[in-house]
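Asks: Here's the letter readout for the chains.
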Amino acid sequence: GDSVTQTEGQVALSEEDFLTIHCNYSASGYPALFWYVQYPGEGPQFLFRASRDKEKGSSRGFEATYNKEATSFHLQKASVQESDSAVYYCALRSNYQLIWGSGTKLIIKP
Amino acid sequence: DMKVTQMPRYLIKRMGENVLLECGQDMSHETMYWYRQDPGLGLQLIYISYDVDSNSEGDIPKGYRVSRKKREHFSLILDSAKTNQTSVYFCASSFLGVNQDTQYFGPGTRLLVL
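From first to last, the protein sequence lines are chains G and S.
Oh and the first sequence: position 31 is 31 in the working numbering, straight run, nothing missing.
Oh and the second sequence: position 28 is 28 in the working numbering, straight run, nothing missing.
Just so you know, these hints were derived from the structure itself, not from any lab.
The beta carbon of each residue, even a glycine, is placed where N, CA and C say it ideally should be.
It is possible that part of the hints are untrue.
[As the list claims (entries may be wrong)] Chain G regions said to be covered by chain S (calculated; three or more residues, Cβ under 8 Å):
no.: 1; stretch: 39-53
no.: 2; stretch: 94-102
[Stated by the list, open to error] Below, simulated EDC-like cross-link-like pairs (lysine to aspartate or glutamate); rule was C-alpha separation at most 16 Å, straight line:
no.: 3; chain 1: G; residue 1: K68; chain 2: G; residue 2: D53
no.: 4; chain 1: S; residue 1: K3; chain 2: G; residue 2: E42
no.: 5; chain 1: S; residue 1: K69; chain 2: S; residue 2: D53
no.: 6; chain 1: S; residue 1: K3; chain 2: S; residue 2: D26
no.: 7; chain 1: G; residue 1: K105; chain 2: S; residue 2: D38
no.: 8; chain 1: S; residue 1: K3; chain 2: S; residue 2: E30
Based on the sequences and whatever the hints tell you, model everything.
Replies: Structure follows, in structure tokens:
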């Protein structure tokens, strides 16, 4: 079946560092891909989506590019801030459901 | 203001008691979802509802049932709760269309079954 893999369970960075969180998927065709962010004590929030090869999604300084060949949708941000501390989830649409990755916790070091 | 609400936010029950979790949305979304989230396991889909009285099992439906009698309201019922149903439960909603499929989540209900 369809699946999403996030290889990093946790990423620790200092403020102003460059962020990459890796997301790879397994699915046929061109499934819509999503990034969500979850802050402590809250529900996941939609960041952005992409549904075509080479399409870039972006929001709040985060971005990711749909790469069909590599089956990837890696999340990046040029300069992280303390307020970016959260868990980030990659997901893909399969039928009427979202298939979720396991999440990556971003820790900003003091 | 687009919003998904969940009640109650916190709940403590004893094993064997019945549990009712309620979810509402004001966006006229056709589709609504119930998830549970446990540490290290991410989000697991319990049930999906495509509209009033049109519900389907998700990945982990055992021990749960749902009810949707109005488009804006979706309930999750645990008959005779078990300790392994202690978790955080999230409700979400979305439109059904292919390019309108962003899910909007509520704040969650933290359930403790003793």
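Asks: Given the hint that K3 of chain S pairs with D26 of chain S, does the C-alpha gap stay at or below 16 Å?
Replies: 6 Å, holds
Asks: How about the stretch 94-102 of chain G: do at least three of its residues have a C-beta closer than 8 Å to a C-beta of chain S?
Replies: holds (count 6)
Asks: Check the hint pairing K3 of chain S with E30 of chain S against an upper bound of 16 Å on the C-alpha distance.
Replies: Within the cut-off at roughly 14 Å; holds.
Asks: Are the Cα positions of K105 of chain G and D38 of chain S separated by 16 Å at most?
Replies: 14 Å, holds
Asks: For the pair we were handed, K68 of chain G and D53 of chain G, check the Cα-Cα distance against 16 Å.
Replies: 6 Å, holds
Asks: Is the listed coverage of the stretch 39-53 of chain G by chain S valid when you require three or more residues with a beta carbon under 8 Å from a beta carbon of that chain?
Replies: holds (count 8)
Asks: Below or equal to 16 Å on CA atoms is what counts here, so check K3 of chain S against E42 of chain G.
Replies: 13 Å, holds
Asks: Assess, step by step, whether the Cα of K69 of chain S is no farther than 16 Å from the Cα of D53 of chain S, and give holds or violated.
Replies: 6 Å, holds
No hint from the list above goes unmet by this structure.
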